[in-house]
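*Asks:* Heads up: the protein sequence lines correspond to chains W and R, in order. With the numbering used here applied, the first sequence corresponds to residues 1 to 211, in that order. With the numbering used here applied, the second sequence corresponds to residues 1 to 560, in that order.
No lab work stands behind these hints, which were simulated from the structure alone. Do not take every clue at face value.
Here are the computed distance ranges between Cβ atoms for each label pair [to be verified]:
| no. | chain 1 | residue 1 | chain 2 | residue 2 | range |
| --- | --- | --- | --- | --- | --- |
| 1 | R | Ile371 | W | Thr137 | 36 to 42 Å |
| 2 | W | Ala41 | R | Asp555 | 40 to 46 Å |
| 3 | R | Gly124 | W | Ser134 | 24 to 30 Å |
| 4 | R | Asp555 | W | Ser134 | 34 to 40 Å |
| 5 | R | Pro480 | W | Thr121 | 35 to 41 Å |
| 6 | R | Asp483 | W | Ala161 | 29 to 35 Å |
| 7 | W | Ser160 | R | Lys140 | 49 to 55 Å |
| 8 | W | Ala161 | R | Arg228 | 34 to 40 Å |
| 9 | R | Pro480 | W | Ala99 | 44 to 50 Å |
| 10 | W | His50 | R | Gly519 | 58 to 64 Å |
| 11 | R | Leu464 | W | Gly135 | 49 to 55 Å |
| 12 | R | Pro209 | W | Gly135 | 43 to 49 Å |
Not everything, but these chain R residues come out facing chain W in the computed CB check (under 7 Å) [what the hints assert, rightly or not]:
| no. | residue |
| --- | --- |
| 13 | Ala54 |
| 14 | Phe289 |
| 15 | Asn292 |
| 16 | Leu305 |
| 17 | Gly491 |
Covered by chain W, per the in silico footprint, the following chain R stretches (three or more residues, Cβ under 8 Å) [as the list claims (entries may be wrong)]:
| no. | stretch |
| --- | --- |
| 18 | 35 to 46 |
| 19 | 203 to 211 |
| 20 | 296 to 303 |
| 21 | 543 to 557 |
Here the structure is a predicted model, which is why all the values come from computation and not from measurement. Note that beta-carbon positions come from the ideal geometry of N, C-alpha and C, so glycine has one too.
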Amino acid sequence: MIPTAGLASVCGAHRSPLVAGLDLLTPSERDADHIAHHITATLATCGVEHLTIATHWAQVGHLRHIAMSIETAVGDADSVWATLADTAAMGAVTGLLLADRYHGEPELLHTLTAAVTAHTTRTSGRVVVYPGWSGLTGTLTVSEVLACSAIDRIQVLAGSAPDSTAQLMTRDFVRPRWADGRLVLHVQPAAGGVLVPFETPTPTPCCADHA
Amino acid sequence: MTHDHGHGAHEHRHPHSDGHTHDEGPLAPELDVTVDDGDLDPTQLGRRTFLRAAGLLGAGALTTSVLSTVAAHPVAAAPAAASTGRSPRGGYKWLAGDHHIHTQYSPDAQYRVIDHVRHANAYGLDWMVITDQGGVQHSKIGVEKVNPDIVAARGEVSDTLVFQGLEWNIPAAEHGTVFVHPGRNEVSVLKQFENSYDGVVAGATANTPANEALAVTGLHFLSDAVHRRDVRDALMLANHPARKGIDSPHEIRGWRDAEPSIAIGMEGAPGHQAAGIPVPYGLGSGRGFYDNSPDPAASFANYPLEAYRTFGGFDWMTATVGGLWDSLLAEGKPWWITANSDSHQVWGDTSQRGPGSDFPTNGFFNDPVHITAPQLTNGDFWPGFYSRTHVGADNFSYAAVMNGLRAGRVWVDHGALLESLDVRLRAGGDEVPLGGVLTARRGTAVTLTIRIQPAHLPNWSQFLPKLTHVDVIRGAVTGPVSDRDTFTTAGTRVVQTYDVSGRTDTIELSYPLGALDDGFYVRLRGSDGNRLAPGLGGAAVDPAGPVMDVVGDADPWNDL
Chain W
1 MIPTAGLASV
11 CGAHRSPLVA
21 GLDLLTPSER
31 DADHIAHHIT
41 ATLATCGVEH
51 LTIATHWAQV
61 GHLRHIAMSI
71 ETAVGDADSV
81 WATLADTAAM
91 GAVTGLLLAD
101 RYHGEPELLH
111 TLTAAVTAHT
121 TRTSGRVVVY
131 PGWSGLTGTL
141 TVSEVLACSA
151 IDRIQVLAGS
161 APDSTAQLMT
171 RDFVRPRWAD
181 GRLVLHVQPA
191 AGGVLVPFET
201 PTPTPCCADH
211 A
Chain R
1 MTHDHGHGAH
11 EHRHPHSDGH
21 THDEGPLAPE
31 LDVTVDDGDL
41 DPTQLGRRTF
51 LRAAGLLGAG
61 ALTTSVLSTV
71 AAHPVAAAPA
81 AASTGRSPRG
91 GYKWLAGDHH
101 IHTQYSPDAQ
111 YRVIDHVRHA
121 NAYGLDWMVI
131 TDQGGVQHSK
141 IGVEKVNPDI
151 VAARGEVSDT
161 LVFQGLEWNI
171 PAAEHGTVFV
181 HPGRNEVSVL
191 KQFENSYDGV
201 VAGATANTPA
211 NEALAVTGLH
221 FLSDAVHRRD
231 VRDALMLANH
241 PARKGIDSPH
251 EIRGWRDAEP
261 SIAIGMEGAP
271 GHQAAGIPVP
281 YGLGSGRGFY
291 DNSPDPAASF
301 ANYPLEAYRT
311 FGGFDWMTAT
321 VGGLWDSLLA
331 EGKPWWITAN
341 SDSHQVWGDT
351 SQRGPGSDFP
361 TNGFFNDPVH
371 ITAPQLTNGD
381 FWPGFYSRTH
391 VGADNFSYAA
401 VMNGLRAGRV
411 WVDHGALLES
421 LDVRLRAGGD
431 EVPLGGVLTA
441 RRGTAVTLTI
451 RIQPAHLPNW
461 SQFLPKLTHV
471 DVIRGAVTGP
481 VSDRDTFTTA
491 GTRVVQTYDV
501 SGRTDTIELS
511 YPLGALDDGF
521 YVRLRGSDGN
531 RLAPGLGGAA
541 VDPAGPVMDV
551 VGDADPWNDL
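Given these sequences and hints, build the entire structure.
*Replies:* Here is the structure:
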């Protein structure tokens, strides 16, 4: 690990959002989801809540992987940094970015700057943890989903906006994405006249295992 | 839905790294390639592993790993499509087939070769390709062991042509059918191909430029084998291309342009057509098993989410008017579509794999045994049962089938929607069949003639399918694209829809395409009309096209 010099600590301005970037060269979004939930649980024990955590596609040379961005609306920069640093310490090659502070491989600063920017501007990113995420279980109506979570819009693939009374079978797995500043959940019609999120928790595995 | 083909984003998500910037002082040990891995401490080794995986190890590493794609023989000229002469007197022999079938020699399939051949024959197939999955066991065992089974089946069933092929794990991409004309060397050529160029066998599945180049080299190998007359002919088609978003447009163009006589097309509709049959009658999954999401490690970033789903059972690349397939045709180069079973385990079957099977050791599953409960969670049909690829052949022979495929004399259907289809383009005194290229003086009147025999016998779900619509799709030929990752073309749209509901007699249509000005292509599409909606390109492009399939509720017989 090559720590950068001249660390500038962000003061704990409790009401201003902090967006940190964490890159563990995570190979898949599902792995990143587990890390996101772990971070959420850990920060909760420090009293840091109201997180928004997103995954972003990242690339260094040929190596494509997932980087993460972590936003706290109300929080303490130091405890966020400490928790993320502990998480980062579990990996061999990592990067951690929070405002001016960067710790990790120089190649990953670029991916994390991009991830943090995408998060801050809400232009892209697949959002795992967001206000209301834990309540999106079972089957809810479209209007309930919009009212009880940070999701701004539900978009039916190859279609238009759904009726507010339409039922969404969450499969307990809801991963909206940012697009043009809005948090959008893409859905598709499923059996029984319900909608399901585009991303399924149980995709059909590929026929032959790839190395 | 039936398809044939005719004649004449979401922001970029790949920030590229500039590479590391260690430019002061001596080279760190992990960067010094003269230092062995074993001499590095764990932290250094971890960093070296990362840089190696990223292709950043060593100066200029990003640029040095591309293999040469210069062919070792004179590059075959692009085929002059079909001959520009007339169809043979009496027309072509239209032979129904399937180029994507898995047997007990695939790690996730079940049946004997003879099971598939007899079922295919019973369901009316004239030709079929056994395509067991490339892999460690197959490359050492299955590729050889399947051959006597195929030879025996050829002897047992003389009116279905049985090719040996394999399902190639295309380096850096999806799967592909690769097959060869039968002969003395059919096994040795396939075995050498698999051992050198299969992504799983060669450890070359990752999405890197080197692996993309390896795929192209594999195609050159097949072409070389034909030139050397090790085999009489060889073909490759891309299977379920949009399923995981990992066949990028530039890779498809790369295969086509590297060996246009070998890499000739892709599945327009995937197999696994029973996968969406609703619970409790079926698995209740996604039709075609198209239920993936973009994979950050491998998917082409600019494909929309819709690309990962089927439309009327068809792959998005083919289903979208003005989409990827049309963007290839608009370049004026051949690229054909097929429809196959991808048969692994059949819906409703009353058998299962033989007990005591040990695929990792033996390279096959033991012969199936009877069970009482019909297997309703299997996602496939027998070859010929639902999906068919029809090829216009000069005669009933292996060579003629391969030539017909290459020439693009191909149309596909589901559920035996049509009995026959004859489409010709006419201008001046000249005419060409499907796949043909017609050349005429500017200003000559061009006409498309269509002759359809609707089904007159029930299909394999015991009902008589009813063709209700025939669409003519026309696109401008605008020449090679500058951005090889283009997957749309603005110049293509549905220009005519015929309502043929209720027609049981021969349907003859003649569509005037106007005076020849700039180059164009036409293709045909038809359906039973049960599920239609404006296409993804909008109603002006496609007012009534296939609908995105409902996950868990996609009875394929209700949507032909």
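*Asks:* Hints numbered earlier in the text: which of these fail when held up against the supplied structure?
*Replies:* Result: hints 3, 8, 17 break, sorted rising.
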